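Residue 32 is where the sequence shown starts when you use the working numbering, and the numbers rise one by one after that.
Since the hints were made in silico from the structure, they are not lab data.
Remember, it's a predicted structure, so these values are computed and weren't measured experimentally.
Don't take every hint at face value.
Said to hold, decoys possible - Here are the in silico distance ranges between beta carbons for each label pair:
no.: 1; residue 1: Asn58; residue 2: Thr95; range: 34 to 44 angstroms
no.: 2; residue 1: Lys128; residue 2: Leu64; range: 33 to 43 angstroms
no.: 3; residue 1: Lys99; residue 2: Arg59; range: 21 to 31 angstroms
no.: 4; residue 1: Leu94; residue 2: Asn58; range: 13 to 23 angstroms
no.: 5; residue 1: Pro129; residue 2: Tyr63; range: 43 to 53 angstroms
no.: 6; residue 1: Arg59; residue 2: Ala114; range: 39 to 49 angstroms
no.: 7; residue 1: Leu96; residue 2: Pro121; range: 12 to 22 angstroms
no.: 8; residue 1: Tyr119; residue 2: Pro60; range: 17 to 27 angstroms
no.: 9; residue 1: Pro60; residue 2: Pro121; range: 37 to 47 angstroms
Cβ atoms here follow ideal geometry from the backbone N, Cα and C, with glycine treated the same way.
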Amino acid sequence: MKRLLISTVAAVAVAATVSAAAAGAENRPRVYLVSDAHLDTQWEWDIQTTISRYVRNTVNRNLTLLQKYPGYVFNFEGGVKYAWIKEYFPREYELMKPYVKSDRWHIAIVNRLHSPHLRIRPLPLTFNPASTATAVTVTSVAAVTGIFI
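Work out the full structure: start from the sequences and follow the hints.
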């Protein structure tokens, strides 16, 4: 898995460099890598552990990265997790809002079409503000391609 990911990123970087040299500086393509957190609500733990450990750590670590790196962009999946953040971690919820507004923290709600024969497939991201209890406004919808093996 790591080799495939590293190979894919390296291939894209090389292709972008070659294309940029041929196209000139004004038409230089860019490669964007956006951090994404997919957190299963219950995997080998209960919901209380998800909230107290994994949601808290995901939020705090990414708030730190957003503060430290001005170009850092983050996607976090799962509508219910935002309700938990608002309820259990209100300070972090308030700290998160400006990053959502500035399009650096993306609220990503994922619909997945699992297909065993596909290794690379699109993950359409949708968000319905009326279906959540949070007060965060979504400013954009992103498309993500996932690599699953």
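Against the structure, the hints come out as follows:
Evaluation of the 34 to 44 angstroms hint for Asn58 and Thr95 yields a pass: the beta carbon distance comes to about 36 angstroms. For Lys128 and Leu64, the hinted distance range of 33 to 43 angstroms is not satisfied, since their beta carbons lie about 24 angstroms from each other. Between Lys99 and Arg59 the C-beta distance comes to about 26 angstroms, which sits within the given range of 21 to 31 angstroms. Distance hint check: the CB atoms of Leu94 and Asn58 are about 36 angstroms apart, inconsistent with the given range 13 to 23 angstroms.
Taking the beta carbon of each, Pro129 and Tyr63 are about 21 angstroms apart, not inside 43 to 53 angstroms as hinted. Checking the proposed 39 to 49 angstroms range against Arg59 and Ala114 shows it holds: the Cβ atoms sit about 41 angstroms from each other. The beta-carbon spacing between Leu96 and Pro121, approximately 21 angstroms, falls within the hinted interval of 12 to 22 angstroms. Take Tyr119 and Pro60: their Cβ atoms lie about 42 angstroms apart, and the range 17 to 27 angstroms is violated.
The supplied range of 37 to 47 angstroms is met by Pro60 and Pro121, whose beta-carbon atoms lie about 41 angstroms from each other.
Hints 2, 4, 5 and 8 from the earlier list are contradicted by this structure; the remaining hints agree with it.
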